[in-house]
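Please put together the full structure from these sequences, using the hints given.
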Amino acid sequence: MEAVDPEVYGEAEQRERWVDADLRRIAGDVEEGGGFEWKPHAVGRNRRDQCFVHKAKGDPVWWIKVVGEVFADEAEVKDEVAKKTNTKEVDDDDEENEENEDEVQPHPLLRNVDNLLDEGLHVRQHEWHQLYVDGRIFERVDDQAELCYFQYASPIFFVSGRDTCYIKMRRDLDDGGFILSYRSIRHDDCPPHKDYVRLEFEGAHMITPLKDRKGFTYTYIQHADAKGRLPKAMANGPQADVMLKEIEGVRKAIRNPLLGRP
Numbered sequence: 001m002e003a004v005d006p007e008v009y010g011e012a013e014q015r016e017r018w019v020d021a022d023l024r025r026i027a028g029d030v031e032e033g034g035g036f037e038w039k040p041h042a043v044g045r046n047r048r049d050q051c052f053v054h055k056a057k058g059d060p061v062w063w064i065k066v067v068g069e070v071f072a073d074e075a076e077v078k079d080e081v082a083k084k085t086n087t088k089e090v091d092d093d094d095e096e097n098e099e100n101e102d103e104v105q106p107h108p109l110l111r112n113v114d115n116l117l118d119e120g121l122h123v124r125q126h127e128w129h130q131l132y133v134d135g136r137i138f139e140r141v142d143d144q145a146e147l148c149y150f151q152y153a154s155p156i157f158f159v160s161g162r163d164t165c166y167i168k169m170r171r172d173l174d175d176g177g178f179i180l181s182y183r184s185i186r187h188d189d190c191p192p193h194k195d196y197v198r199l200e201f202e203g204a205h206m207i208t209p210l211k212d213r214k215g216f217t218y219t220y221i222q223h224a225d226a227k228g229r230l231p232k233a234m235a236n237g238p239q240a241d242v243m244l245k246e247i248e249g250v251r252k253a254i255r256n257p258l259l260g261r262p
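With UniProt numbering, you'll find the sequence shown wraps up at 262, consecutive numbering, no jumps.
To be clear, the hints were calculated from the coordinates, so they are not data collected in a lab.
Be careful, since some hints might not be right.
For lysine to any residue, the following SDA-like pairs were computed, each having C-alpha atoms within a straight-line distance of at most 25 Å [stated by the list, open to error]: (1) LYS168 / ARG24; (2) LYS194 / LYS227; (3) LYS214 / HIS129.
Below, the structure written as structure tokens:
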């Protein structure tokens, strides 16, 4: 894909269509132009996490999907709010919670991964992404969408790091989980950095609660064009490895306190 302009990602209906498309891709449903078939590619070090790929005809860049289950008893989840420099407390609605004592509250594990991937992304990404360097959320489009800029080191020796400017779109799901969809964008406040090559990608994180155990299923899909001089096909394998390692990063990060927006 190519980065999209403000007049495109600024339309709420277009953002909803992108999220719908990602839900179909995750499920492997048939899309316009043909099927979307996930084939096994690799497994994680724990032998539980799985990586699948979809190779579209004529496209050297793979669609990659990683799936893994995260259990509450694998980590001591700290359901607390931390105060750090330039951050604020996440949960400042104690009075409202007292008024809704009968309302079923999400398990701390789900609250933590929600914070890890969404509200606390800009201050917690280093906890789970081994290649993260720096970045920021620089504009809030509405209650469900934000514009982000992040920089990453390269997983390949002697290859430049990548930066990316994208829109992050959220939708809460009926099962108590959520999906975060991503699309690369063009924005005047997010020009390419001289020390990085601008990556263009689309993808989504989906978190779904487990029914028979405290925990969740982590699913991440991505189609990333690394750009630069590196042949596109050479980036597929390393990217799949990075995505599998991210699940392990998430398992470790959910032990940590929640953080909020500055």
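For this session: Measure nothing beyond the straight line between the CA atoms of LYS168 and ARG24; if it is 25 Å or shorter, mark the hint as holding.
Result: With a Cα-Cα distance of about 18 Å, the restraint between LYS168 and ARG24 holds, given a limit of 25 Å.
Exercise. Is LYS214 close enough to HIS129, meaning Cα to Cα at most 25 Å?
Worked result: 24 Å, holds
Exercise. Has the given pair, LYS194 with LYS227, been kept, meaning a C-alpha gap of at most 25 Å?
Worked result: At roughly 14 Å apart (the allowed maximum being 25 Å), LYS227 and LYS194 satisfy the hint.
The structure agrees with every numbered hint stated previously.
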